[in-house]
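Residue strings, one per chain:
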Amino acid sequence: MTVLEQTKVPRSAGRRRRSPLGSRWTPYLFLAPAALFIVVFQAIPLAQEIFLSFTRTTLLNPTRSRWVGLDNFVRIFGDEDFHRTLVTTIVYVVVCVVGAVGSGLVVALLLNKGFRGRGVARALITVPWAAPGIAVALIATWMLNAQYGIVNRFLNAVGLGVPGGSILDSPKYALPAVLATTIWQLFPFTSVVLLSALQSVPHDLTEAATMDGAGRWATFRVVTWQVIKPVVGLLALLMTIWSLRRFELIWLMTKGGPVGRTETLVIDLYSNAFESKELGSAAAIGMVGVVISLIVIMGSRFVARAVTKENLR
Amino acid sequence: MKKRRVRRSMMAATTTIIGVASILLAGCTADSGGDDGGVAKISFAASTFGDPGRGPLLNQWLEEFNKSQSKVQVSAAAVPYPTFGQTVLTQMGSGQGPDLIRFDMPEFEAASDAGLIAPLDDLVDVSKYTLLKQPDQFVVHDGVRHGVIFEASNYAMFYNADLIPKPPTTYEQFVETAKSLTKGDVFGLAFRQTEAEEAGVWQDIFNYVYGFGGKWSDGKTLTINSPDNLKGLQAYKDLYDAKVIPKGADAATFRRMFAEGKVGMELNNGGYVTATRGQNAKLNFNVAPIPFPVRTQGAILAPVVINEASEEKEAAATFIRWTLEPANQVKLQEILGASSVATVTQRSAESLKKTPFLPVFDGLTESSLPQIVLGFEAKTPDIRKVVVQNVVAALQGQVDLKTALDRAQQQATELVG
Amino acid sequence: MRRFRIGLTLRIVAVLVVLGIAAFPLYWMLVTALSSNADLFAERPRLLPDFSHFGVFVDGLAEGKVGGWLLNSLLIAVGTTVLSIGLGIPLGYALSRFSFRGKAVLTVVLLFTQMLPEALMVVPLFSLFRRFNLLDSLAGLILANVAFVLPIVALILKGAIDGLPRELEEAARVDGARPLAVLTRVNVPLIAPSIAATAVISFFHAWNEYVFAVTFIFTPEKQPASVGIANFIGELGTPIQTVMAVAFMFTLPAVAFYLFAQKYVVAGMTAGAVKG
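These protein sequences, in sequence, are chains D, X and E.
For the first sequence, position 25 matches number 25 in full-length UniProt numbering, and the numbering has no gaps at all.
For the second sequence, position 7 matches number 7 in full-length UniProt numbering, and the numbering has no gaps at all.
For the third sequence, position 234 matches number 234 in full-length UniProt numbering, and the numbering has no gaps at all.
Only chain D is shown next, with the shape it has when bound in the complex (with noise of 0.2 Å):
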């Protein structure tokens, strides 16, 4: 969670010298366990994905593999429906992350005012953070039902219904619809983040700043936002980790359909693997995953950098 924050003690420094807690082993003693857990779960794992990325392998029959070097990336980059996944998983996560930390702050600056019961409301708030993510899809698919969902019969009432009925047949509204109940669950957790970090903001200095004259805008600006920036950009920097890798919703949601319209690399990933059964693609989807997960992280880290030098400046 503090990944944006600088080590404290500078990299030299402690390099040669002798760690004042023991020997030098020490500190590896105690990462052991988990960092052999991470290197077998994760880091093999993954070098046999990238090795599978460069052959052709079925599902069917994944210990042979046939080496086919770069082929699987000039087909994928090649094929105008990977194209369009790409935009689809740009669209999902950017509206992800804006929606999901605009609603959050609205929502927060809402609650930020002490209120009788404000308590209850934010606990009551955290529910659909609480749901998990394959009842929330069951419920929304439910809601969305063409014939007897709830938001189909009050959008036709109102006389705004979807020409042709289903919305999560509709090439136009799925992907509204998946970005919305996305939304839906994350908005609480951003929300109750920027809360409490509007807490931290102090009160002397907004006083001080609405008795310079200064309008709720100017304060907001001036004050709030410098206090919670970096926790708006914690906030980013999550969502759009969650939002490149989230599942269970779309699939169980719409597969990745209709038509591709909501098929973001992990869906794409998955049905290559799965219903495809054709491993080496599937891999080299994840691969281009893995790649551009490692320009967020380094964009992420280059940004905080840049960040603390201006504040220090």
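Please note: incorrect hints may appear among the correct ones.
What the hints assert, rightly or not - Result set (BS3-like, lysine-lysine): computed pairs, CA atoms no more than 25 Å apart in a straight line:
#1 X:Lys-402 x X:Lys-231
#2 D:Lys-255 x X:Lys-247
#3 X:Lys-331 x X:Lys-282
#4 X:Lys-231 x X:Lys-215
#5 X:Lys-67 x X:Lys-331
#6 E:Lys-65 x X:Lys-67
#7 X:Lys-179 x X:Lys-243
#8 X:Lys-282 x X:Lys-354
#9 X:Lys-67 x X:Lys-313
#10 X:Lys-247 x X:Lys-231
#11 X:Lys-243 x D:Lys-172
#12 E:Lys-263 x D:Lys-113
#13 D:Lys-172 x X:Lys-247
#14 X:Lys-331 x X:Lys-133
#15 X:Lys-282 x X:Lys-166
#16 X:Lys-128 x X:Lys-331
#17 X:Lys-166 x X:Lys-353
#18 X:Lys-215 x X:Lys-133
#19 E:Lys-65 x X:Lys-41
#20 D:Lys-229 x E:Lys-263
#21 D:Lys-172 x X:Lys-402
#22 X:Lys-183 x X:Lys-247
#23 X:Lys-243 x X:Lys-402
#24 X:Lys-41 x X:Lys-331
#25 D:Lys-309 x E:Lys-103
#26 X:Lys-313 x X:Lys-41
#27 X:Lys-183 x X:Lys-243
Bear in mind the hints are in silico, worked out from the structure with no lab data behind them.
On the provided structure of chain D, position chains X and E as indicated by the hints.
Showing chains X and E alone in chain D's frame:
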């Protein structure tokens, strides 16, 4: 001295954690024991074990087998239909999985092509039984028997006899009936039309394609975009566009609706008779042949096979031999409803009285085809995916049907190489 | 004054709207579970729950399957929580208090693993588990889940330990305590809220996990609820009332647990973030 101690305490901590972890794990794995007392324990995976109505009866039927045996015990693994192929093929691909599997045809072909199914010729001597020839030919590949039919179920038109006193006999009447019944919360017809139900859509469009004289292949090349296929799929799309079906309703929902009298007609296989009764015993429904121009329709063929990776092949074969015994075949058929089984059986007077339309299904056996692509059997799941995606794109108005089929033909041809 | 009133009223209305949006789907789950078929397929839907159909919950549980699913989910979730915290505390401590070669890399690696989707790892893990005989066992699932929550657990705990003054540890060390004792006796009690937060996170992760469970578990009796429920989206469907009733029973413990542990989660999750 101090350094030592530090290191030792760290070691202790590490060992403790690993110890705790392994105790925890041991506790969880303890239940996976080996075989006890020379009894071979085998598992039988089938999606039908989870069906309403049929599932519990099939489990009882397995219990009868277990009671009759002292050396073999079979247990049911209900793997749900939508993920059946994926789940079981993943396991089999890596040398795992249930000993016995009831496959649907597309997955059966893929698995047998990949060498995941044990040849049965040396395990089961089928010459002792009178097998039904038409369905049985599809489970023998190049003279090698890969399975025995567990269930063969022809497609016919289910209709609500209260809503439809006289069933349509031509396609025009069929459309007319569907349209006139659709009002308020009642729909004239229902079929699957979403990508999420890919396997189901494939089953449903099969009847339209073949019922209008089309076919997926001529045995050597794919004929996905042939004019007859276009005609059949156009009929399917016209019904979709005519708003006579509950759009977006999945099979689970619209079959419930059919049982509740909210859907007039449905093209379905004989296996669904029991399930429909299970949902609403009072429903007055009947069955007639599908009234399309050509009397050819799909059939669910479901062979039971032995996993090549099974360590209990002989025990599994014992079970298959037991199922083929005449008395057990009759029982199986009564459980399955209006399906036929591996061998020639006689319908009992009692079951004919209870389900007078059984002969309708039986009469369709000669004209029914398994829902696979002839000549490209093992590639059927991949072809299915391409076809369904493109047909659904056309339903959704993304492209016109002709273009969609041309595209499917091109993509599928690339796939089969 | 008047303006203040209007502002307050608006705020309350807005809060109520947000609450409605947050809670409605869960409420609707309950209403659906308690509807009769006639209500469900009627032209005008029933908007209030009809408790005369409460039997659907009893039937759902009585079937036996559902109880087993929930129990499996619980075992997996508890196992994952215990193991990931057991491994995460020392890792977080090492990251916070020591400087060592490869620390920066390790931090990036931890964050990076958060980006690997389960769907990518499911195939190689499957073959790994086959070799270690971990397929079709709850233990295997626990290990897979721990691998995925351990990094976030460690990072949160690192953040928490960062926030503790070093002086406390030094005092203990002067008294002759060993590093591990320092960690368990001095630091762990102080970061209890953050540990609670990571407990909730790992518990939820494992309670909700689907991809591994659907691939690694073959025996129906070992299925967790997530898989059992997802399977309801089946060919010959279970009545939607039962589906919703079971989904509701799957959701309720999670929500209740979360509400109970909420203050720790918020404190724990935000501690590092806000301070950093």
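Hints and how they fare:
Taken as a hint, the Lys-402 of chain X and Lys-231 of chain X pair is honoured in the structure, with Cα atoms around 10 Å apart against an allowance of 25 Å. Between Lys-255 of chain D and Lys-247 of chain X the alpha-carbon distance is near 17 Å, which keeps this suggested pair within the 25 Å criterion. For the suggested pair Lys-331 of chain X and Lys-282 of chain X, the alpha carbons sit about 24 Å apart, so the restraint of at most 25 Å is met. Taken as a hint, the Lys-231 of chain X and Lys-215 of chain X pair is honoured in the structure, with Cα atoms around 11 Å apart against an allowance of 25 Å.
Using a Cα cut-off of 25 Å, the hinted pair Lys-67 of chain X and Lys-331 of chain X holds, with the two alpha carbons roughly 15 Å apart. With a C-alpha separation of about 24 Å, the suggested pair Lys-65 of chain E and Lys-67 of chain X falls inside the 25 Å cut-off, and the hint holds. For the hint pairing Lys-179 of chain X with Lys-243 of chain X, the CA-to-CA distance comes to about 8 Å; that is within 25 Å, so the pair holds. Taken as a hint, the Lys-282 of chain X and Lys-354 of chain X pair is honoured in the structure, with Cα atoms around 13 Å apart against an allowance of 25 Å.
Restraint check: the Cα-Cα separation between Lys-67 of chain X and Lys-313 of chain X comes to about 20 Å, which is no more than 25 Å; the hinted pair holds. Restraint check: the Cα-Cα separation between Lys-247 of chain X and Lys-231 of chain X comes to about 21 Å, which is no more than 25 Å; the hinted pair holds. Taking the CA atoms of Lys-243 of chain X and Lys-172 of chain D, the gap is near 19 Å; set against the 25 Å cutoff, the hint holds. Between Lys-263 of chain E and Lys-113 of chain D the alpha-carbon distance is near 18 Å, which keeps this suggested pair within the 25 Å criterion.
Between the alpha carbons of Lys-172 of chain D and Lys-247 of chain X the distance comes to roughly 16 Å, so the proposed pair stays at or under 25 Å and holds. With a C-alpha separation of about 20 Å, the suggested pair Lys-331 of chain X and Lys-133 of chain X falls inside the 25 Å cut-off, and the hint holds. About 19 Å separates the Cα atoms of Lys-282 of chain X and Lys-166 of chain X, which keeps this hinted pair within 25 Å; it holds. Distance check on the hinted pair: Lys-128 of chain X and Lys-331 of chain X sit about 19 Å apart at the alpha-carbon level, within 25 Å; holds.
Taking the CA atoms of Lys-166 of chain X and Lys-353 of chain X, the gap is near 21 Å; set against the 25 Å cutoff, the hint holds. Using a Cα cut-off of 25 Å, the hinted pair Lys-215 of chain X and Lys-133 of chain X holds, with the two alpha carbons roughly 22 Å apart. Proximity of Lys-65 of chain E to Lys-41 of chain X is assessed by CA-CA distance (about 22 Å); at most 25 Å being required, the pair is judged to hold. Restraint check for Lys-229 of chain D and Lys-263 of chain E: satisfied, since their Cα atoms lie roughly 22 Å apart, inside the 25 Å limit.
For the suggested pair Lys-172 of chain D and Lys-402 of chain X, the alpha carbons sit about 22 Å apart, so the restraint of at most 25 Å is met. A hinted pair counts as satisfied when its Cα atoms are at most 25 Å apart, and Lys-183 of chain X with Lys-247 of chain X qualifies at roughly 14 Å. Between the alpha carbons of Lys-243 of chain X and Lys-402 of chain X the distance comes to roughly 21 Å, so the proposed pair stays at or under 25 Å and holds. With a C-alpha separation of about 23 Å, the suggested pairing of Lys-41 of chain X with Lys-331 of chain X holds against the 25 Å cut-off.
About 22 Å separates the Cα atoms of Lys-309 of chain D and Lys-103 of chain E, which keeps this hinted pair within 25 Å; it holds. The suggested pairing of Lys-313 of chain X with Lys-41 of chain X holds, with an alpha-carbon distance near 11 Å, which does not exceed 25 Å. Between Lys-183 of chain X and Lys-243 of chain X, the direct Cα distance comes to roughly 10 Å. Compliance with the 25 Å bound is thereby established for this hinted pair.
In this structure, none of the earlier numbered hints is contradicted; all agree with it.
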